[in-house]
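**Student:** Residues per chain are reported as follows:
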Amino acid sequence: MPTTYLDFEKPIAELETKIAELEAVSQQGEGPSISDELKKLKDKAAKQLKDTYSSLTPWRKTQVARHPERPHFSDYIEQLFDDFQELAGDRVFGNDEAVIGGLATFRGQSVVIMGHEKGRNTESRLRHNFGMAHPEGYRKAVRLMDLADKFKLPVLSFVDTAGAFPGKAGEERGQAEAIARSTERCLTLTVPMVSLIIGEGGSGGAIAIAAANRVLMMEHSIYSVISPEGCASILYRDSAKARDAAEAMKITSEDLLKLKVVDDVVKEPMGGAHRDPQRAISQAGKAIEKALSELAGLSPVELKRQRRDRFYAIGREGLN
Amino acid sequence: MNWLTNFRTPGLKTFLSSKKDTPDNLWVKCPKSGELVYRSDLEESWYVTPAGAHLRISPRRRFRLFFDNERWEPLQLPPVPQDPLKFRDDKPYPSRLKAAKSKLAAREKEESPDASPPISQEDCMAAAFGRIKGKPAVVLVQDFAFMGGSLGMAAGEAFIAAAQLAVARKAAFIVCTASGGARMQEGTLSLMQMPRTTLAIDEVREAGLPYIVVLTDPTSGGVSASYAMLGDVHIAEPGAMIAFSGPRVIEQTIREKLPDGFQRSEFLRQKGQVDIVSDRRELKATVGCLLAHLMPKRAMDETPIGPLKAPMADVPAPEARDKSKGKKA
Chain H
1 MPTTYLDFEK
11 PIAELETKIA
21 ELEAVSQQGE
31 GPSISDELKK
41 LKDKAAKQLK
51 DTYSSLTPWR
61 KTQVARHPER
71 PHFSDYIEQL
81 FDDFQELAGD
91 RVFGNDEAVI
101 GGLATFRGQS
111 VVIMGHEKGR
121 NTESRLRHNF
131 GMAHPEGYRK
141 AVRLMDLADK
151 FKLPVLSFVD
161 TAGAFPGKAG
171 EERGQAEAIA
181 RSTERCLTLT
191 VPMVSLIIGE
201 GGSGGAIAIA
211 AANRVLMMEH
221 SIYSVISPEG
231 CASILYRDSA
241 KARDAAEAMK
251 ITSEDLLKLK
261 VVDDVVKEPM
271 GGAHRDPQRA
281 ISQAGKAIEK
291 ALSELAGLSP
301 VELKRQRRDR
311 FYAIGREGLN
Chain D
1001 MNWLTNFRTP
1011 GLKTFLSSKK
1021 DTPDNLWVKC
1031 PKSGELVYRS
1041 DLEESWYVTP
1051 AGAHLRISPR
1061 RRFRLFFDNE
1071 RWEPLQLPPV
1081 PQDPLKFRDD
1091 KPYPSRLKAA
1101 KSKLAAREKE
1111 ESPDASPPIS
1121 QEDCMAAAFG
1131 RIKGKPAVVL
1141 VQDFAFMGGS
1151 LGMAAGEAFI
1161 AAAQLAVARK
1171 AAFIVCTASG
1181 GARMQEGTLS
1191 LMQMPRTTLA
1201 IDEVREAGLP
1211 YIVVLTDPTS
1221 GGVSASYAML
1231 GDVHIAEPGA
1241 MIAFSGPRVI
1251 EQTIREKLPD
1261 GFQRSEFLRQ
1271 KGQVDIVSDR
1281 RELKATVGCL
1291 LAHLMPKRAM
1301 DETPIGPLKA
1311 PMADVPAPEA
1321 RDKSKGKKA
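For the record, the sequence lines run as chains H and D.
Residue numbering for the first sequence follows the working numbering, beginning at 1 and increasing consecutively.
Residue numbering for the second sequence follows the working numbering, beginning at 1001 and increasing consecutively.
The hints are simulated quantities; they were obtained by calculation from the structure and are not laboratory data.
Possibly wrong hints are sitting among the right ones.
To be verified - BS3-like, lysine-lysine: derived pairs with alpha carbons at most 25 Å apart: (1) Lys1032/D to Lys1257/D; (2) Lys168/H to Lys1257/D; (3) Lys1297/D to Lys168/H; (4) Lys150/H to Lys304/H; (5) Lys286/H to Lys241/H; (6) Lys1297/D to Lys241/H.
Claimed, not checked - The following residues of chain H were derived to be distant from chain D, with all beta-carbon distances above 10 Å: (7) Lys10; (8) Gln28; (9) Ser35; (10) Lys39; (11) Ser74; (12) Asp75; (13) Phe84; (14) Phe93; (15) Arg120; (16) Phe151; (17) Thr190; (18) Asp244; (19) Pro269; (20) Gln283; (21) Glu289; (22) Leu295.
Unchecked claim - Okay, the calculated beta carbon distance ranges per label pair: (23) Ala1099/D to Lys267/H: 39 to 45 Å; (24) Asp51/H to Gln1082/D: 46 to 52 Å; (25) Ser54/H to Glu1206/D: 45 to 51 Å; (26) Arg1255/D to Asn95/H: 23 to 29 Å.
Being a predicted model, the structure only gives us computed values, none of them experimental.
For every residue, glycine included, the Cβ atom is placed at its ideal position computed from N, Cα and C.
The shape of chain D in the complex, shown without the other chains (with noise of 0.2 Å):
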């Protein structure tokens, strides 16, 4: 008997069972060679298929991929006003990003059932203190699974947050970019973080600390026009799409095709924007082996990790920010 015999048209049993007995998820189509890949064995390779596509992961994994002993504290983002502009397309703002959080609820659900060790998401950025190959290390990692790790309030100021503990904590600044560009829903809101994160990372700078940008698919828009492109060393997984403008706006306005890699990592080394192009699993001893070039060996280095202590104390906590609102004169 072999499976075309034993092949059966589906009865009401089947058909009527939902998706939660046999999970769509079990199996992942490698985009990059069309092979089916068990999902336990990408999550040993760290969503790398064998054919070495580098698959999007949460800010989860990433924290479980970059600190040590995958252990982390994570920071608590400040809260930003919501739908500042009244914003409404097809659907209402509040409404779009009211859907995009029950999603990441739900992908936390199924990552971590008991969710521990915590992180702390706000909109599309997570963000953590822990040590990479013992150094102190703040990771931001922007969501793509958020409506596309779009660039907002709330991703900015996280971006701010983030920076400041990195300084407070005498911490390296690793940003984990993925994103289609501005949060359109917030105007002129949304690009005036392209300043502001630039703002940050002068901050960081200043201190003496490391930026490292970890370039991951896709990063475009607003983002790559602004903190993306400014680290101190700029690292990409293989095979990212990182533009300015996306393939699909150049080929409208010149009207023609464009080359196969265009606007890869690969492409983008060779023309000396990216520094470095790492397989995922070798990330980690990517920047591990640049903080130890960056960071001068301190005796702390080999301390644990301790409780987070309040990071940002230049921002007025939300509270107070909440009472000076209304108008100014």
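Chain H extracted, bound-state conformation (with noise of 0.2 Å):
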């Protein structure tokens, strides 16, 4: 049972909390026969999980992608990996903690990883600046990729943020040509590269870290040019439309993954990552393992290639 529900999801979180209650009350053996009573409010629960989830509008998406306990690239690090070496800093300016990043073990093999982190309370968002990148964040990724491409090593990349920073230091320090840089680094890579979208790609700052061999998707997750509040106050100019933005937008993983922007899309236990997160990981780190082993035998060049006619692909077929 989480800790924090959305606004759709009243209802659930009222069944919940009166199975919780009734629970409680079993425990202490009063009242003989509520077992029954919890069952169906147990079955009752279930099914309106299910059915808020099975339909969820991109909007009420744009809310699970976002949820404060939803999991976080941490998250992944500490299930997915072992001996997470982290390597900080840009070599330039500074450490940006919204992307964090280093070499890992991912089942028995050496690998890179890297990730923008959002952080859990205030004191940890606000270090890793909500996950909003600075250009030593993007410059960070680049050092990372070099390494990687030195030493042989895959890359896997953890897509979780709003957008890049828009800050004046940000923009003094070439934000524009960090997100630029990173994207060319990753998309000349002769490793193979998985990037894996947990909760939101936001726009340039997302696509910096994510021009990889196979772009996978968390079932709930969304990836976007532009939040769908940025999206509404541009274009209906009222922010307040975010919904219908979110909706026009395209932003889901079953639309992307029609419009062959994402490979494949890694389901998510009912209610939501956060309902589950190791299962929710354990699902992703499937995933992970089988696209690295499509891209197993291919050779550098291969590589390159495949990035190429995968990207070029993108909108010349499948179209209206």
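Could you use the hints to bring the two separately framed chains together as a complex?
**Tutor:** Okay, structure coming up:
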């Protein structure tokens, strides 16, 4: 049972609260015959959850993708990788903790991992700048990819950002150039690269570390060119129309799989990854392993070629 | 008699006569000094005002500015699916496209009534092959007048086609950027143009050809965060706004006013993102000088441009693409 419910989860919240209350009562041993009642309620809650989550609107998916209890990159690191050695810094200006990365072992194989980290509480959110990177974050990504290329290690990236940080300092230090270089570095890698969108894939800040051979998406994550709020305020001149913008922009995993922007979608536990992070992450691990194995036989030239063909093909087939 | 005594209130005739009789574009107000500049004077000065403001110009004028003898071969740009997402805000996306196209046609008629030499513009992009100070070059121009020069599938395909033409012709690739950023009406497909254009630049690099970016006002968002910042050399026109996030977004985020000149060409040069700030009237000479250094002298540098051959061996023709459409298992 999550501690935070989204606005559309109110009926679920009510049922689950009632269940929790009844369970507390039954554990105290009072009232003999509530187990039937409890089972009924649980079935009802499960059904409610299933009904709600089997047809989430794009805006609701956006809310789930941003759920405060949704597993973050650091949770993935902990569960999927052994002996993670963080490598800090961009070698130029500083260490941007909105992007973290380093060396790790995945299924017995050394890999370079990197991703956005949003932070979990006020203190860590500030430290990670809510997952919104400055140029240093992308330059860190570039140096990590340089390292991967040199030592022939696959790169795994985890995307979870509302976007690159729109600030004065970032602009002064070349935010645009840093993003462009990082995207370019992904595309010139001679080692396999797999990206997974775990929460929000926000615009240039996301693509900078997601121009990979295989791009995967968690079922309830979103991937878009601008946040629904941003799109609404520009096109509809009303940020309250974010719901409509989310609908119009086709930002869900289902839509993006059809558009071939992503290659595979990782099923989440019923009710979203935050209800069972361990299972969600384990499913993600399997999908990454599969993607890596598909790329295993390719030579450096073929890997580059595959990436080029993959991105060039987007929009050339399967559209109206 | 002075102009005051000469002045009379407009009668019915003047009131009814349309703008055609007295073109409202005869005079142009300089955004820098506020003075009114005669349009034909601007024609002479490539739309740089006496105060030095660089006004936005069309792809046609850019081609005339760059190419030797004002001669070029237009590149036919590949068609793309229109409105793949069936996007609609307060207007459907196709009607926005249509409006932008008719605006374009009107400008073409005004700038070149007989449409010669031809240009071929698709969406916000136009590309042509020609020579700059003798060196073969493909110039790709992004047109801010077409939906803010926003980067969508058409622009992305145009970029790839132009880059591949440069490779096929062993020509330099010169890109004049002008864009507010991504085309939101194409959603994530517009975001995908960032890696796609980057891949095209990689092809130019692999061929050892120069890729020169001319940043013009304004260049921001997904365009600045991809091909605009990946040049071998970055040239900017004076006073151009060049940014990742526009000033309004930043001011909202940090809740303070940005200093004058922030995110302008001169500022970016000071911060190390731009190599050269070049007056438009010097632009051709500047690019020509760079190409002379970056491209070895070849005998054919002196030969005039020939007919345009199919530049894109790699890219399936649109018909071929259409056939392969539909669901894939």
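**Student:** Would you mind marking each hint as holding or not holding in the structure?
**Tutor:** Outcome of the hint check:
Under the criterion of a C-alpha separation no larger than 25 Å, the hint pairing lysine 1032/D with lysine 1257/D is consistent with the structure, at around 20 Å. Taking the CA atoms of lysine 168/H and lysine 1257/D, the gap is near 10 Å; set against the 25 Å cutoff, the hint holds. Between the alpha carbons of lysine 1297/D and lysine 168/H the distance comes to roughly 44 Å, so the proposed pair goes past 25 Å and is violated. Annotation: proposed proximity of lysine 150/H to lysine 304/H holds, straight-line Cα distance about 15 Å (limit 25 Å).
Of the supplied pair hints, the one linking lysine 286/H and lysine 241/H is violated, its CA atoms being roughly 37 Å apart against a limit of 25 Å. A hinted pair counts as satisfied when its Cα atoms are at most 25 Å apart, and lysine 1297/D with lysine 241/H does not qualify at roughly 58 Å. No Cβ of chain D approaches the Cβ of lysine 10/H within 10 Å, the least distance being about 30 Å, so the stated non-interface status holds. The claim that glutamine 28/H lies off the interface holds: its Cβ sits roughly 52 Å from the closest Cβ of chain D, which is beyond the 10 Å cut-off.
Even its closest Cβ contact with chain D, about 48 Å, leaves serine 35/H beyond 10 Å, as expected for a residue assigned away from the interface. Interface exclusion of lysine 39/H from chain D stands, the closest Cβ pair being 42 Å apart, more than 10 Å. Every CB of chain D lies more than 10 Å from the CB of serine 74/H, the least distance being 25 Å, so the non-interface label holds. Every CB of chain D lies more than 10 Å from the CB of aspartate 75/H, the least distance being 25 Å, so the non-interface label holds.
The claim that phenylalanine 84/H lies off the interface holds: its Cβ sits roughly 27 Å from the closest Cβ of chain D, which is beyond the 10 Å cut-off. Against chain D, the non-interface label of phenylalanine 93/H holds: every CB pair exceeds 10 Å, the least being about 12 Å. Residue placement check: arginine 120/H keeps its beta carbon more than 10 Å from all beta carbons of chain D (closest about 23 Å). Consistency note on phenylalanine 151/H: stated as away from chain D, and its beta-carbon is indeed over 10 Å from all of that chain's, at 22 Å minimum.
With a least CB separation of 13 Å from chain D, threonine 190/H remains clear of the 10 Å interface cut-off, as annotated. The claim that aspartate 244/H lies off the interface is violated: its Cβ sits roughly 8 Å from the closest Cβ of chain D, which falls inside the 10 Å cut-off. Distance check on proline 269/H: its Cβ is at least 25 Å (rounded) from any Cβ of chain D, clearing the 10 Å threshold; non-interface status holds. The beta carbon of glutamine 283/H sits about 23 Å from the closest Cβ of chain D, which is more than 10 Å, so the claim that it is off the interface holds.
No beta-carbon of chain D is positioned within 10 Å of the beta-carbon of glutamate 289/H; the least distance is around 23 Å. With 10 Å as the threshold on Cβ separation, the claim that leucine 295/H sits away from chain D holds: the shortest Cβ distance comes to roughly 17 Å. Roughly 43 Å separates the CB atoms of alanine 1099/D and lysine 267/H, a value that falls within the hinted 39 to 45 Å. Between aspartate 51/H and glutamine 1082/D, the C-beta spacing of about 37 Å breaks the proposed range 46 to 52 Å.
In this structure, serine 54/H and glutamate 1206/D meet the distance hint of 45 to 51 Å, their C-beta atoms being roughly 47 Å apart. Our hint of 23 to 29 Å for arginine 1255/D and asparagine 95/H holds, since their Cβ atoms are close to 26 Å apart.
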